[in-house]
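In the numbering used here, the protein residues as written are 3 to 547.
Bear in mind the hints are in silico, worked out from the structure with no lab data behind them. Be careful, since some hints might not be right.
[Said to hold, decoys possible] Mimicking DSS-like on lysine-lysine, the simulated pairs with C-alpha atoms at most 25 Å apart in a straight line are:
| no. | residue 1 | residue 2 |
| --- | --- | --- |
| 1 | Lys263 | Lys293 |
| 2 | Lys546 | Lys32 |
| 3 | Lys219 | Lys263 |
| 4 | Lys219 | Lys179 |
| 5 | Lys179 | Lys107 |
| 6 | Lys32 | Lys125 |
| 7 | Lys219 | Lys293 |
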Amino acid sequence: MYYDHDDGYVRNVYLNSETSQTFAQAYRGKLMWKPNDTTSVIIEGNYSFSGDSAPFANHVPDGMAALSYQLHTAGVTLPSNPYEVSLTQNPALSNRSYGISLHGKTAFLGGTLTDIASVEFVKPYISVDVDNTSIAQNYAYIRDPETTETEELDFASPKYGFFSFVTGAYIYWDTSKLQLTVTDGIPGAPVLANISGYVKTDAQAVFAETNFDLTSKLRLVAGARYSMEGKLASAGYGTENNFNCVTTTMSGVIHFCDLSKHWDSFTPRVILQYKPDADQLIYASYSQGFKSGDYNVAALTTKPVNPETVDSYELGYKYGGRRFTLNTAAYYYSYKNIQVQAADVVGGAIETLWENAAQATIYGLDAEFAGHLDEHWQVNLGFEWTHARYGNFPGAQAYAPFWQTMGSVGGTACTPFSAGCYFAGENTELLNAKGKFIQRTPEYSGDFGVTYTHPLPVGSVNANLTASYKSNYFFDAANQTANPSYWLVNTKVSWISPTGRYTVSAWGKNITNSLYYLWGQVDQTGPQNDVAPPASGGIMVEAKF
3 MYYDHDDGYV RNVYLNSETS QTFAQAYRGK LMWKPNDTTS VIIEGNYSFS GDSAPFANHV
63 PDGMAALSYQ LHTAGVTLPS NPYEVSLTQN PALSNRSYGI SLHGKTAFLG GTLTDIASVE
123 FVKPYISVDV DNTSIAQNYA YIRDPETTET EELDFASPKY GFFSFVTGAY IYWDTSKLQL
183 TVTDGIPGAP VLANISGYVK TDAQAVFAET NFDLTSKLRL VAGARYSMEG KLASAGYGTE
243 NNFNCVTTTM SGVIHFCDLS KHWDSFTPRV ILQYKPDADQ LIYASYSQGF KSGDYNVAAL
303 TTKPVNPETV DSYELGYKYG GRRFTLNTAA YYYSYKNIQV QAADVVGGAI ETLWENAAQA
363 TIYGLDAEFA GHLDEHWQVN LGFEWTHARY GNFPGAQAYA PFWQTMGSVG GTACTPFSAG
423 CYFAGENTEL LNAKGKFIQR TPEYSGDFGV TYTHPLPVGS VNANLTASYK SNYFFDAANQ
483 TANPSYWLVN TKVSWISPTG RYTVSAWGKN ITNSLYYLWG QVDQTGPQND VAPPASGGIM
543 VEAKF
């Protein structure tokens, strides 16, 4: 059982209320049945209800909203404080999920046979002020419930001298629905658009992995996975209740019914491991990865995005001694057909598409160290350098701001920031993002932590301090919206009961009050971002049952 609640850290000055609230409650339970020493069956159920409005509490930096002229005539000024917004209605994001799983294991042919089956229901809800201002213009409501069923059967063999293997099969079914409603301003206002649709997924895979002990110190691991997947999609204007999958195309309305696409892939993996002794491991690996294709029903586009693939190479060293551990690796990833939002010119207008439009190369180094200085003190260090660039990305979206004497209402072009000149929005441009940074990938990152433990007459105390660093990175392929480099420092001091059942903690997060962002973008309405939480602290009580 888990419960958490936060009143929020961003203020909506228009409604004089707090937003960016978070809440969560989760429950999980298990039942085990063991008919004999080699067989077990576990049934597990889960339920959770959570919400976080921070990703949609959009702040407009520098007052650059496409409705700047309307705001001026209404005598409204957008807040400059990044922890303040001015919205017609507070955003909402909630998610309710529940499911059940069955995990069975038994001895079979000298090995172990495992069966895992599950079903999960997810029901998210989102409401958001699209224009990001206190002018009642556009508001969106999104429901996209999803049902997922899985079945996996694995067999792990015993060791036959120098050889062992694992093989299995996996089945995946998923139905994801969408109901998107856009209104003219506040709730209850006229509906501008209703879009509904669904994507159904039917996927299967078989896999096998073998282990060959070539010598007492040298092992070869070789495996492969063959995947088959089909997607079925329908979408059109209408509500979930009245949307019917029919092949008739309504006049002037984008509408498609039961479009289908099938993909398959063969993805191998090879690892060569060398163990000089019991504490050390040197390895080299090659693997291929596959990310499923999909349909973008929200955009009412009939063109699916195809799978993206990656070739991964890694060389590493691991040490696991009594006093410390060390993990280091050098890696190289070559991506093809990266799934991205791109753009195309259709009939003289720019339309947003979900396409396979990019290639990319990522390579870098990472290292992790953890050590016990003595019986009380423990330290850990981590560092990563990542070179992540697009190799080719034609049609990447970029934006250029424009100003007019009457803003987005009309008027004539004028000199930015001059008297009587108002920001009117962003014009979409197309560029090749070759050489630009891949989104959300800092070039440098690192972390440091120290933990102190000590017994008390009753129970024990545990205190830790962690600090992490990320260099600046971008939220978009055109590299127009950036997150500045920042440090994040957290701390926690806990008392733990003698049995370990109860824990009482005092904690602090972002105690240096670093300013950074969860998300940022530029679109036709202008730039916008969502600020991350400032310094915070509290008391936490935990109990294990």
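Hints versus structure:
| no. | hint | result |
| --- | --- | --- |
| 1 | Lys263 with Lys293 | 15 Å, holds |
| 2 | Lys546 with Lys32 | 14 Å, holds |
| 3 | Lys219 with Lys263 | 46 Å, violated |
| 4 | Lys219 with Lys179 | 52 Å, violated |
| 5 | Lys179 with Lys107 | 34 Å, violated |
| 6 | Lys32 with Lys125 | 23 Å, holds |
| 7 | Lys219 with Lys293 | 35 Å, violated |
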